[in-house]
Every structure is written in structure tokens, then in C-alpha cells.
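Trainee: The opening position of the sequence shown corresponds to residue 9 in the working numbering, with each subsequent residue numbered one higher.
Rather than coming from a laboratory, the hints here were simulated on the basis of the structure. Hints may be right or wrong, so weigh each one.
Label pairs and their in silico Cβ distance ranges [as the list claims (entries may be wrong)]:
{"id": "1", "residue 1": "42", "residue 2": "77", "range": "19 to 29 Å"}
{"id": "2", "residue 1": "83", "residue 2": "26", "range": "40 to 50 Å"}
{"id": "3", "residue 1": "103", "residue 2": "27", "range": "36 to 46 Å"}
{"id": "4", "residue 1": "74", "residue 2": "39", "range": "21 to 31 Å"}
{"id": "5", "residue 1": "119", "residue 2": "95", "range": "22 to 32 Å"}
The calculated BS3-like cross-link candidates involving lysine-lysine, where the alpha carbons are at most 25 Å apart (straight line), are [unchecked claim]:
{"id": "6", "residue 1": "55", "residue 2": "11"}
{"id": "7", "residue 1": "55", "residue 2": "21"}
{"id": "8", "residue 1": "16", "residue 2": "72"}
{"id": "9", "residue 1": "21", "residue 2": "72"}
{"id": "10", "residue 1": "55", "residue 2": "72"}
In this text, a Cβ means the ideal position worked out from N, Cα and C, and glycines have one as well.
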Amino acid sequence: MTKILEVKNLITKFYTLDGVVNAVNGVNFDLYEGETLAIVGESGSGKSVTMMSLLGLIPVPPGKIEDGSAMFQGVDGPLNLLELSPEELRDVRGGQIGFIFQDPISTLNPILTIGEQISET
9 MTKILEVKNL
19 ITKFYTLDGV
29 VNAVNGVNFD
39 LYEGETLAIV
49 GESGSGKSVT
59 MMSLLGLIPV
69 PPGKIEDGSA
79 MFQGVDGPLN
89 LLELSPEELR
99 DVRGGQIGFI
109 FQDPISTLNP
119 ILTIGEQISE
129 T
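Starting from the given sequences, assemble the full structure and let the hints guide the process.
Mentor: Rendered as C-alpha cells:
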């Protein structure tokens, strides 16, 4: 299978008046063609910040992607999502790559598979 996304050592921090928040600290994962990736974890564990970092949606300031790479196999060849301009990211988002962010009001249904629930969205 073809690797379509390779995230290495993603580090995202937020600089606040109370100090530095290490929101994402060294995240690594690969996604292959035909796979669905579900990132699950406790509230505040960095799930949304990880995905927002990849899509260029972290507000700067106070947020900053400190390190890492996110190699995406786009229609025009490999792209490091973390190095794209806002305009380039807009061209990639939605048409080539997308994420389903958690609805804080809903929860996963233990009766249905995760795949069934993701396909409903």
C-alpha cells in the first residue's frame, strides 16, 4: 500500500502569560491509502491540536509548531504540510485532505463500530 501521510516528531506549543503549554510533544504516525485513522484520547490530550497543526489552523500567536514534518502525497506530488503557505494549504484542505473533528456534545456509540460512526458524518 502507498503511504499518503507521514507525520514525524510533531511538536506544537502555546505561549501564554502563565507560561508555555506543550500541547503536542513528538507525535508520529503513518497513514496508508485506503486506511481510516481515528485519533482517540482523553480530553486535553492533544488530538484536535495535532490535526489543527497539520491543517495550518493553529492561531499564531499564541500557538507555534516548533518541530516536525508532515509529508502528504498530494495530487501534485509530496508536500510537507507544515511548510505550505496559507494559500497552498487552502488548495489542499477539503479537496485532498480532510479531518472530522470531534463534536463535543456527542460521544461514540458502543453499539456501533467506529467505522460505521465515521461513515455517518
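Trainee: Give a verdict on every hint.
Mentor: Cross-check of the supplied hints:
no., hint, verdict
1, 42 with 77: 19 to 29 Å, "holds, 23 Å"
2, 83 with 26: 40 to 50 Å, "holds, 43 Å"
3, 103 with 27: 36 to 46 Å, "holds, 39 Å"
4, 74 with 39: 21 to 31 Å, "holds, 22 Å"
5, 119 with 95: 22 to 32 Å, "violated, 44 Å"
6, 55 with 11, "holds, 21 Å"
7, 55 with 21, "holds, 14 Å"
8, 16 with 72, "holds, 16 Å"
9, 21 with 72, "holds, 5 Å"
10, 55 with 72, "holds, 16 Å"
In the structure shown, a violation is registered for the earlier hint numbered 5 alone.
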